[in-house]
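Student: Chains as they are written, first to last, in this note's numbering: chain A, 1 to 258; chain B, 1001 to 1190; chain C, 2001 to 2190.
Hints in this document: simulated from the structure, not taken from any laboratory. Please note that the accuracy of each hint is not assured.
[As the list claims (entries may be wrong)] A few chain B residues that face chain A, going by a derived Cβ cut-off under 7 Å, partial list only: (1) Gly1029; (2) Phe1152; (3) Leu1176.
[To be verified] Covered, in the sense of this in silico footprint (three residues per stretch, anywhere, with C-beta under 8 Å from a C-beta of chain C), are these stretches of chain B: (4) 1075-1081; (5) 1100-1112; (6) 1154-1164.
[Stated by the list, open to error] With a cut-off of at most 20 Å between alpha-carbon atoms, the simulated SDA-like pairs for lysine to any residue come out as follows: (7) A/Lys158 / C/Pro2084; (8) A/Lys241 / A/Val189; (9) A/Lys158 / C/Ser2025; (10) C/Lys2150 / C/Gly2049; (11) B/Lys1080 / C/Pro2084.
Glycine is no exception: its CB is placed at the ideal position from the N, C-alpha and C atoms.
Chain residues, written in single-letter form:
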Amino acid sequence: MSLVDHEQHSPEPTDGMTALGISLDVFEGPFDLLVTLILNEDIDLLEVHLAEIVLTYVERLEARGELDLEAATEFLVLIAALLELKSRLMLPGEEMDGLDLEPQEAVEELLARMLDYRRYRSAAEALHELLAAEQGYRFRSAPLPPELRRVALDAAGKAYEPSLLADAIGGLLRTPPKVDTSHLNRVTVSLERRLAHVRELLTTRRSFSFDEAVAGADRMTQAVTLFALLELYKGGELTWKQSEPFGPIQIQAQEAAR
Amino acid sequence: MNPLARQVVAMLFNSSQPVAEAELSEALGCGETEVSQAVEEVEQALVEGQLGIVLRRVAGGYALASDPETEPAVRRLLAKPRTPPLSQAQAECLAIAAYLRRVSRPEIARIRGVNSESPMATLEERGLIEECGRSRFGAIQYRTTPLFQKLFGLESLDSLPELSEFEPDAEEQQELREKLLRAGEQRVAQ
Amino acid sequence: MNPLARQVVAMLFNSSQPVAEAELSEALGCGETEVSQAVEEVEQALVEGQLGIVLRRVAGGYALASDPETEPAVRRLLAKPRTPPLSQAQAECLAIAAYLRRVSRPEIARIRGVNSESPMATLEERGLIEECGRSRFGAIQYRTTPLFQKLFGLESLDSLPELSEFEPDAEEQQELREKLLRAGEQRVAQ
């Protein structure tokens, strides 16, 4: 049995029990058909493992982490109907006494439910016919003509402040200030500050390694420091050397330039 | 057509919803008797086979509609049917909602014996049913909309045929009962 | 009315756009002469003061409309005199049209620095601006309407608020226009 209601004209099910995906492949259809099939032994309800359905459902519920109360109730209603049906079928007549239900009563109750469903199924057929008979009556669906969508001139009163026009044109007359993009890419490392830092080292230490210059700094600061060194090298304030690729860089103050 | 009737036609022509007599009366600034007379005059002038447009009493009011005899030509022009047909599941859900007036999805599932989330979602999307509060157990309840009445040509939900008309006949009931009993006996015999 | 004319009425009734004679002819499966005759029959039956609905020959074909004499009643029933707040874009377009007296869409786009089709269309639909001829470059020009003055409580366009607060020199519209265009170009250039 599939608890999925296969609707040809509807969009993909997105939520709820339709996502349950139990496929017992023995039944799909409304209630009285199910009952009839089971009673006619086309489907053996005794072979349908209801516990498995419940387990699958609970697992799915856990995985989803939230409870769709509506879908859960629908599921409970259906599983309860199946359980009730199955228990009646499993119990031989004599043992039905324990349930305080005579076989006759059980039959009447099942019958009542089947008849109830049949009434609505017939009503649905009547609705189909009603709709078909009405297909020739088309109702107009056009927007109101523009003159009816706006305020009539005689009825119009003051609704807006003229100052809003002055504000709007005033805003257009101004060239807006440069767009502040600092929030987009917040520059926390300033080249000037790194320049000052390196110059400080050059003055106090005369010679130092790149690692010392960027001790404890993040990648951005390291990059900007390198840029500051390039800048000072270009200006002739320092010289530097690296004896091997990826080896330590040693920086030396350039006396002559100072 | 006298002026009052002409104004009724114009109002119905421009309205996308059926218009109740009280609304006509208010817009025209005249009593219900005069409105009734005007509506009757419109109804007689716009009888089928006269002008291509007819007056319909639907969803508690009046609406203009094109005459069914013109449907083939209109369909060729617009290249689409008025309303897409309903699936069996949708029609059943709609029937239950229409007859019970308000109903929750679990109730529908109980009657139909299958999960009805998908047809209900489609009906809601098509504007044929709408939410109308919660039941005392907290389930969302649904009812049919005025659009439902309009599309199904119903003046009100009371114009639906009585549910008892769909009662399976005695013979059919007896047959079902016997089948159920027989099946029960077979089970017991097993 | 004969069947062809009835079908024409029904087709126009159901179409929200004007329908061309060729479309009518195709949907009816008959020649243009017969369609012309049918349309003429409809026009005579739906003349003003007859049925509350009239036939209009408009650009693009034929359309049904309610008789102008019925407008007050239709308005009482359906018109919702809404004056929703203006968006910034709408306020800007409206201000430009009001202070410059006449303006084309391309000019508005240059001043605002963005395409302004949508706010202009809304303003036109709400009856706040209207077309008023073409510029010497052939662009449609717009001006504010008497309804605009009423809704802003203005006796005339000369009672618009002074701009001295923003631009002491911009007294003349031509000067204002040039300043606005310059500011707009600078904004775009940024």
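Student: Decide, hint by hint, whether the structure agrees.
Tutor: Now the hints, each set against the structure:
1. Gly1029: Constraint on B/Gly1029 not satisfied, violated at 16 Å.
2. Phe1152: holds, 5 Å
3. Leu1176: holds, 6 Å
4. 1075-1081: holds (count 3)
5. 1100-1112: violated (count 0)
6. 1154-1164: violated (count 0)
7. A/Lys158 / C/Pro2084: holds, 13 Å
8. A/Lys241 / A/Val189: violated, 25 Å
9. A/Lys158 / C/Ser2025: Cα-Cα ~49 Å, so violated.
10. C/Lys2150 / C/Gly2049: Answer violated: C/Lys2150 to C/Gly2049 is near 32 Å, above 20 Å.
11. B/Lys1080 / C/Pro2084: violated, 36 Å
The structure does not agree with the numbered hints 1, 5, 6, 8, 9, 10 and 11 stated previously, though it agrees with the rest.
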